[in-house]
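Start from the sequences and build out the full structure, keeping to the hints where you can.
So the sequences go chain by chain: A and B.
According to this note's numbering, the first sequence is numbered sequentially starting from 1241.
According to this note's numbering, the second sequence is numbered sequentially starting from 1241.
It is worth saying that the hints were derived from the structure and are not from the lab.
Keep in mind that this is a model prediction, so the values were computed, not measured.
There could be a bad hint or two in this list.
One copy or two, it doesn't matter: identical chains are merged, so the pair holds either way.
Stated by the list, open to error - Listed next, the in silico EDC-like pairs over lysine to aspartate or glutamate satisfying Cα-Cα at most 20 Å (straight line):
id: 1; residue 1: LYS1249; residue 2: GLU1510
id: 2; residue 1: LYS1317; residue 2: GLU1499
id: 3; residue 1: LYS1439; residue 2: ASP1490
id: 4; residue 1: LYS1439; residue 2: GLU1488
id: 5; residue 1: LYS1339; residue 2: GLU1576
id: 6; residue 1: LYS1372; residue 2: GLU1488
There are 2 protein chains.
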Amino acid sequence: MLRNFKLEKYLEDGKKTYSKREDIENLADSLTEKKFRNIVILGIGGTWAEWYAIVEYCRHLSDFPIYLENAAEFLVKKNMNYLSKDSLVITSSASGNTKEILEAVKLCMAEGIRVYGFTRDETTPLAKLLTKAIYNPCGDCEHSYLMYFMLALRLYHNMGYFDSYKRWADQMQHLYTNLIRIREEFEPRAAEIAKKYAKEPYTMFVGSGLLWGETYLFTMCILEEMQWVRTKAVTSADFFHGPLELVEKDVPVFLVMGEDEYRPLDERVERFARKFTDKLEVFDTKEFHLTDIDDEFRLIVTPMIITAILTERLAVHYELNTGHSLEFRRYYRQFEY
Amino acid sequence: MLRNFKLEKYLEDGKKTYSKREDIENLADSLTEKKFRNIVILGIGGTWAEWYAIVEYCRHLSDFPIYLENAAEFLVKKNMNYLSKDSLVITSSASGNTKEILEAVKLCMAEGIRVYGFTRDETTPLAKLLTKAIYNPCGDCEHSYLMYFMLALRLYHNMGYFDSYKRWADQMQHLYTNLIRIREEFEPRAAEIAKKYAKEPYTMFVGSGLLWGETYLFTMCILEEMQWVRTKAVTSADFFHGPLELVEKDVPVFLVMGEDEYRPLDERVERFARKFTDKLEVFDTKEFHLTDIDDEFRLIVTPMIITAILTERLAVHYELNTGHSLEFRRYYRQFEY
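Pasting the structure below:
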């Protein structure tokens, strides 16, 4: 039994999201025909963090130039010679009214650069700006991951860098039932961890590679923004150049462990932290089996596993223990700043 | 009067560092003759952070490909098709025995890729590996900045991207007297800030652009590693996507403000933080005048100003107030991990 989780609605949302496959593939195919010299992704906050995994994965498929831009920095930064009318610019905002994203899209349009992307539906301000929008009606993290990966991997498939696209996309029909089972497996641990740590004055988070985006998202957009819980997020490589000195018996260290080539860096953190804190928690995607999804596609699913167990499940249990609604903000989007 | 500061030795060190100008220029000139297709910098911890400013600056001069690699990630990551025998690989380690740097250099050598760089003297393990080393006898941050900028800017000058190299390098003779005066101007504030905040359980640091490296370095390598003080470092753009919710009257927010195009993002943070915390401290390079250095070179000097006032001066005063020696470590380099 999952706390505050509507199982039927979730499966329905999964179907809705998956049903966009044809729209997304058609868009990717028409973009491929138009040709482009590079891909520029505009994100900010949570969307930046989600795209991080996609961009990182794509860079392993090919050295075709793909750039991930923070939309606020994009608005001011000067060294972007790669941005041109030959760029394929993609963005996303579920709400469709994220200020920095809208301004960044307008800036592209003023230069005659077309922008494509994802937003909730046709009524959002972003939908009205985009050259062509894909509607992402559910918008929670795994839905976004699935849609972004579909678009990116279809583009890479069309360029000759991801031959197994069809098999992968077919198997993604099984994503949601896997993520429900994984949630159920993790639920008792989520309850236990949140009970133990939700009121800690400080929690260190360590992650790397493909999962760095999720590590950053969970600390910044969930614990800080939605729970007012203080965190420090650091990569597994950097952990050994400063933050390690803060570790002691009662300092919580949460380690997000993935399956890419950065794993040895995560393992080094684990060995160190086991010795010096009693409050180490490891979130290792390897502990979760995937049914009807080939092992070669596991990497793509790892950020979705972490989003299911941390950004969704653990957040719900933190809320229970902090008593601070995940919906409540005092500043964010409450007024102009 | 500057606390724990040997004025004469400092000026002498400055002269020693500046005296390497010819060696550095000769190296840059001979590297230019050999030709290279891209530049790859290997750093970790503090050296990564210092190189960050140089790489960021160079990217404004030209879109010639230059990559900044974290040496620990470099050892495992797979998507580095740009690395080849035609790459110019540069690294640095003052001690010359940083584990990840040594392994990364060996990995390059095994591929037949030559590596150049900076280390204390000819006796260090790194000196023995490098194809050609420049000795950086003093090694503190501004010395490193000056030497790294000299090498990089001479290379960019030779490629036709930095015509004013000679005038800049000539004016850098006046760097150290400027940085002494700036230290003296800042000293009372360093004493006051450290007294007020050194025992805070949590301090948020915000920075951007060219100065992001220093923001990261001061929090991670100084406060966390050398003072066991808990910090959160976040960019000015990201501040508004999560961390802002943590700000309240008694939460210290330290804002590092520079003079590049990211400044409007810093100013936005300042406006917000002024309203919601009584503990905002702004470190703005614009407040410091430079004598005998042209305004067009100010940007290059901004990380050196921040390193002088924070990484050096503020650190000394934190030490006084925490009672925790800047030399003391419990884990870092104390044993194998």
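Do the hints match the structure? See the list:
no., hint, verdict
1, LYS1249 to GLU1510, "neither (37 Å within a copy, 43 Å between copies)"
2, LYS1317 to GLU1499, "between (34 Å within a copy, 12 Å between copies)"
3, LYS1439 to ASP1490, "both (13 Å within a copy, 18 Å between copies)"
4, LYS1439 to GLU1488, "both (18 Å within a copy, 17 Å between copies)"
5, LYS1339 to GLU1576, "within (10 Å within a copy, 48 Å between copies)"
6, LYS1372 to GLU1488, "neither (52 Å within a copy, 41 Å between copies)"
Hints 1 and 6 from the list above are not met by this structure, while the remaining hints are.
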